Amino acid sequence: MKPASSIVFFTTASGAGYGMLFWLGLLSALGDLPSSTAYGMTALFIALALITLGLLSSTYHLGHPERAWRALSQWRTSWLSREGVAAIATYIPAVIFGLTWLLTGRGSPLAGVLAAALAVITVICTAMIYASLKPIRQWSNRLVPAFYLLASLFSGAICLAGITSFVDPIAAQSLGLVSLFFGAAGAVVKFAYWRQIDTTRGTSTAASATGLGHLGTVRSFEAPHTDENYLLKEMGFRIARKHAAKLRAYALLATFALPLAILIGILAGPVPVNTLVPAALLAVVGMLLERWLFFAEATHTVVLYYGREA
Amino acid sequence: MTSLPAPVAGAKKLGLVIDLDTCVGCHACAVNCKEWNASGHSAPLTDSNAYQADPHGVWFNRVHTYEAGDGDASRTVHFPRSCLHCETPACVTVCPTGASYKRAEDGIVLVNAEACIGCQLCAWACPYGAREFDADDGVMKKCTLCVDRIYNDNLPEAERVPACVSTCPASARHFGDLGDPNSAVSQLVASRGGYDLMPELGYKPTNKYLPPRKAAPRPTATPAPETGAGSALLRWIDRALSR
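Respectively, the protein sequence lines represent chains R and X.
One point on numbering: in the working numbering, the residue at position 73 of the first sequence is 73, and numbering is uninterrupted.
So the working numbering is basically just the index in the second sequence, starting at one, shifted up by 310.
Treat the hints with care, since some could be wrong.
Pairs of lysine-lysine, BS3-like flavour, derived with a Cα cap of 27 Å [unchecked claim]:
#1 R:Lys-246 / R:Lys-233
#2 R:Lys-246 / R:Lys-2
#3 R:Lys-233 / R:Lys-134
#4 R:Lys-233 / X:Lys-344
#5 X:Lys-514 / R:Lys-134
#6 R:Lys-233 / R:Lys-2
Don't read these hints as lab results, they were simulated from the structure.
Please read these numbers as outputs of a predicted model, since none were measured by experiment.
Chain R on its own, in the form it takes in the complex (with noise of 0.2 Å):
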């Protein structure tokens, strides 16, 4: 599948948003942040610039950006739909969150919890958008939901983590805690996710894509058009095996094994905590290569057709 840079960039940032405002409103309304004002809306600010941000990308994807109000009618059927609809409720238990820290000097606790509940419901709809297509078996995962979530906490986390380093410390080692659990929770999810699509084979074929099956190997003899049309450019996108291994390894190390390094460090004392920036922005880059890779690696049925692998 073609990895459009609108999508990577808006499941990544809105990603690390929607994590951020969910650690952010679920461990203020437990008390465990600290409480300046500066801190939370400097906090609350860049998680939904980063939701925002994000959302704004996607619509770049759009043939008709203009229309993209109509999206939010058919939540019945279309997890693109629910993705809409929730991304925009969303905004409003933020919003009164975050009036109600810059009014009363601590954001209401329901709405904190409103809020996280939202963000999460967020994220797996964007990730159901993904896993609810049959014709691309790297995507019709249950892991992929699992991982879109852990991806979006542990970013988000690190992500808070870094900024409430600049306040206070010991909450900042806590949410450094909490980003080193949902990190290697991601790492091992990514694995297993790795593993499956490298060691199953999609259930259609040319076989049965054809029906031909019955008279021997069905060989692609003839496409219809000399040069490469939508189909092939849009779900025929292709990545050399070698250059997906290699990739990989940098997503890995950019992702989970330099940030949760720093952060083994940082619990364990000798890294000072602000290092925890770095360690997010590292986190937040990998995740882009690690999207980028998602689609990437990713094959449609409609390729049989074309004598190629899905």
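Let chain R serve as the given structure and place chain X on it in line with the hints.
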């Protein structure tokens, strides 16, 4: 609405039956489809650089050619591919705007170009590659089963069939109601063992494909006995040279 119409027993299911035994791979169906639809319901159909390097454009119907089997048993099969107007089309249910819909009255899957935001999720959701994005219009386009022909009172009745069906020189394409077990197309499917593409994915395509018939056994060449007139000498020379 992108909710699918409730299935009704005996409901009309308009669709195509494509005979892979008689298709000669001439691409006339694809060309006539393009010709009709370039000015029909989903007009225009983009063509960029049509006569230059890197041509691309929207086609509702594309004809592949496959080889199946090995050696003497191998077959060349021409394979037209277009929207199958599935009974449970994910391209409809994933649509966030309601632009994609399946008609309750005849099962045709259509796109309302006025409401389509061009998110292309339906193209991802279709396993058969039936939907193509028109970059000029910014909306998704697909086979309409020539909805603007089959009900068109301005056309003579014989022409009220999809453009691909009307043009096929080999009569490899048949149009009709696959929801009616007594229709000509349903009878054809029953008698020839018509099948679904990728049935394992559960989209329940309406269109059916008829498999190539079993190849007749190849005759083995036997030299014709020498009859004909001619002198004994010439016959002897012929025999000697034939050795």
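Status of each hint after checking the structure:
Restraint check for Lys-246 of chain R and Lys-233 of chain R: satisfied, since their Cα atoms lie roughly 23 Å apart, inside the 27 Å limit. About 19 Å separates the Cα atoms of Lys-246 of chain R and Lys-2 of chain R, which keeps this hinted pair within 27 Å; it holds. A C-alpha spacing of about 19 Å is found between Lys-233 of chain R and Lys-134 of chain R, which places the hinted pair at or below 27 Å, so the restraint holds. This hinted pair checks out: Lys-233 of chain R and Lys-344 of chain X have alpha carbons roughly 21 Å apart, not beyond 27 Å.
Among the hinted pairs, Lys-514 of chain X with Lys-134 of chain R is consistent with the structure: their alpha-carbon atoms are about 14 Å apart, no more than 27 Å. The suggested pairing of Lys-233 of chain R with Lys-2 of chain R holds, with an alpha-carbon distance near 7 Å, which does not exceed 27 Å.
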